[in-house]
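Engineer: Chains as they are written, first to last, in numbering that gives the first Met the number 0: chain A, 0 to 439; chain B, 0 to 439.
Since the hints were made in silico from the structure, they are not lab data. Remember, predicted model here, so these are calculated numbers, not experimental data. Some hints here could point you the wrong way.
Remember, identical chains collapse to one label, so a pair may be satisfied in a single copy or spanning two.
Subject to a maximum C-alpha distance of 27 Å in a straight line, what follows is the list of computed DSS-like cross-link-like pairs (lysine-lysine) [as the list claims (entries may be wrong)]:
| id | residue 1 | residue 2 |
| --- | --- | --- |
| 1 | K341 | K213 |
| 2 | K399 | K220 |
| 3 | K341 | K220 |
| 4 | K341 | K249 |
| 5 | K44 | K134 |
| 6 | K44 | K213 |
| 7 | K44 | K220 |
| 8 | K220 | K385 |
| 9 | K371 | K341 |
There are 2 protein chains.
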Amino acid sequence: MPTSELASRIVHPPAFSEMAYKQAKRGLIDFFASALAASQDGAVKNILRLLDEPAAGSVPVIGQGMSASPAQAALLNGFIGHVLDYDDVHEDVRGHPSTVIVPALLSALNFGQVSGKRFLEAYIVGVETMAVLGKTIGKNHYERGFHNTSTLGGIASAAACSYLLGFTEEETAVAIGFAATQASGLRVQFGTEAKPLHAGLAAQAGYQAVAFTKAGLSGSKNVLDGNTGFLSVYGNGVEGVEAHLQAFGKPWKIVTPGLWFKQYPFCSAAHQGADAIRSMLAESPFNLDDVERIDVIYPPGGDAALVHQRPITGEQGRFSIEYVLTLAIDGQDLSLENFTTKPIRNEYSQFFERITRIHSTTIQASEHAVPKGRFTRIECHLKNGKCVTKQVDLPKGAPKAPLSMEELTSKLTASAPYHADGLLQAIEELIESESVCLSM
Amino acid sequence: MPTSELASRIVHPPAFSEMAYKQAKRGLIDFFASALAASQDGAVKNILRLLDEPAAGSVPVIGQGMSASPAQAALLNGFIGHVLDYDDVHEDVRGHPSTVIVPALLSALNFGQVSGKRFLEAYIVGVETMAVLGKTIGKNHYERGFHNTSTLGGIASAAACSYLLGFTEEETAVAIGFAATQASGLRVQFGTEAKPLHAGLAAQAGYQAVAFTKAGLSGSKNVLDGNTGFLSVYGNGVEGVEAHLQAFGKPWKIVTPGLWFKQYPFCSAAHQGADAIRSMLAESPFNLDDVERIDVIYPPGGDAALVHQRPITGEQGRFSIEYVLTLAIDGQDLSLENFTTKPIRNEYSQFFERITRIHSTTIQASEHAVPKGRFTRIECHLKNGKCVTKQVDLPKGAPKAPLSMEELTSKLTASAPYHADGLLQAIEELIESESVCLSM
């Protein structure tokens, strides 16, 4: 039965590899970088109004110098981690694992401290569970309209917290059940603040699932199974689950296929284009005045998430290849300060008119493309008659083109100049620590 | 578009009838009777452990003499209202409206007091929304494995709270969206404490939906609509929604078809059988030893909610027609003390073997059957060769066989001998009250 077999693997996982621990530490650095980058975000300020009622909470709210109750902190931290869409992505999940799993784990520490090593392992187990569920539930789940980050993230969080707290197989199965029966999140919410809210709600659901189990409530031990179980109701049934369960931890999915850490604080569909223009400019510099016109070529639908062709603010610019290219050609950094609510300069708005999106079915992406089949080709026609072309299929930051440790560290330093050193040290030392103490 | 049309009706409902107000008051009496009956329940004591962290909450937890934060109080009160499965049922909903809607409303009062009349109206609007959604989403939703009480209850709660707080149409649409994107609850959890938890989680989701809206978070205004909207993902699409929306408040569904207030503290699917066996025994008494075998005949699927054919505890017995019949034949009361976590006697377990469930497509339910098409026929084959038969289609407590005001009041008095008088008076006076003050 899928539920009991999954629970058994969560409680008795295969040996954790050095690479898995290392990648978990990198995942934490990237998660905190993504969350701390949102410290001053307007949506974060809005959701914090939920805390108006003075809460005697004990779990820190990341980057806000305040605490909340464990359930509410899970909600807030999941939201904060995903609000900029700057956090990691996992191919098997088709969504964002760390922004759900890590906040749930931070709240679950409220039940009692554990070693830093166990915390890392719990995170690895969470990502593994989410990847196994993602592979099992298949494409149809997402295409029907569900948002995998939250539907699968809550269950993965419950799995991670169950491991963290040393649950038995039976308790783990019950906790998975409490999470699966909270599985929700609709893609129609994309483009609104409900999207990051999904991450927070899933973290809350995962935390609550273990809290209900700790409280001794009875629940189904077979929630994934059968015709009316989670895998059938939300997916195509239990077919294939056996093979995916066999592959639990073999290899650890946090390493292979691995987490994609984003280099830029904007939508991942603009990352290949950003890499292409920067590489082009490094080889042969030019500026806005030199440009006659630019064609940006995608596979059909490859730019669907880039909903703003004529953005008005830097925030809208997170979903605009036009804005990203213009910034780069103007020699600006593709960093946080250019993606805020501030209005975009007139000069840039005029330049957008020179940029055209084109969809091509004849250009092929390489086999290493991430996501599969995605490419972005930039064709710059300069006023001097030259045409410069560059295609990128594999964005920097994806598992096969990883950020260096220095690049990852810089992401954290840029997000939180004052916190970065202490946090980096604490994460680095986790594996030897008797308890988890991360200053947020 | 369904979402905006529903929001428009919530904000500008048809006139409220005297009968609607009256029925809302009866609904509150029944809700508090059902919730207060659970004051000493073991599962309630367990879930209250979630409150271990001292919460500076301001919303009362029913029957517990303590308060919690609004989100947590909604969760706890929804759970407490449904834990005995003693709370009301609505035919159009195929689930339990009040235990989700009323707790969400009690928490939403935290945003500011309203008149007692507005509180009653908000409750009427919530039941209406849940009924409209139930009719629109159709049978398939429940049969696939979803638990309507929670999937539809969260949205209905958000609708009720939106009305309570005087939201605009746009705010109401956004709040509905935040609730729909939290829609969850799997029937595989039936027979465990996750079932009442679904009610609590849905109340929490409904409360949170309005809290997110109040906090100024952006969200979809069209969550029910389109191919990947709620009605398509969770149901068969938007077909028919127009007609159901036209019927919003015409008549008010809290009156017609009306709420079914339960006479017994167990699953409604066993009520017809309970009425049948009691009536049979009243006419010609017999005891367990007299019985050769019993056939219990349902329409196909009519006993789907009665998941325990061989219950081990009284709690499981809430979902067992076998247990209910055995208790009645043994001359026991079908009252709270027989549906606790206590193990079921061996003698009863042996008697279960004499009871067989049969599904018939030839027997017809009368047109008054509740739910429509549901009947339960008991055929007792006695050792003396006699066969006694009784069929009940319309259970006592259902809208067409309503509990008298005295019976309803007795339900509250039995549940809460000390609170009943004060609570009854406060509910009776609500319609004239400037604020809502219910001592719980």
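Engineer: Give a verdict on every hint.
Structural biologist: Status of the hints after comparison with the structure:
1. K341 to K213: Answer is between: at 21 Å across copies they meet the 27 Å cutoff, but 45 Å inside does not.
2. K399 to K220: neither (38 Å within a copy, 39 Å between copies)
3. K341 to K220: between (48 Å within a copy, 21 Å between copies)
4. K341 to K249: neither (46 Å within a copy, 45 Å between copies)
5. K44 to K134: This pair counts as neither: shortest intra-copy Cα distance 36 Å, inter-copy 39 Å.
6. K44 to K213: between (32 Å within a copy, 13 Å between copies)
7. K44 to K220: Only across copies: K44 and K220 sit 22 Å apart there, 39 Å inside one copy, limit 27 Å.
8. K220 to K385: neither (63 Å within a copy, 43 Å between copies)
9. K371 to K341: neither (34 Å within a copy, 56 Å between copies)
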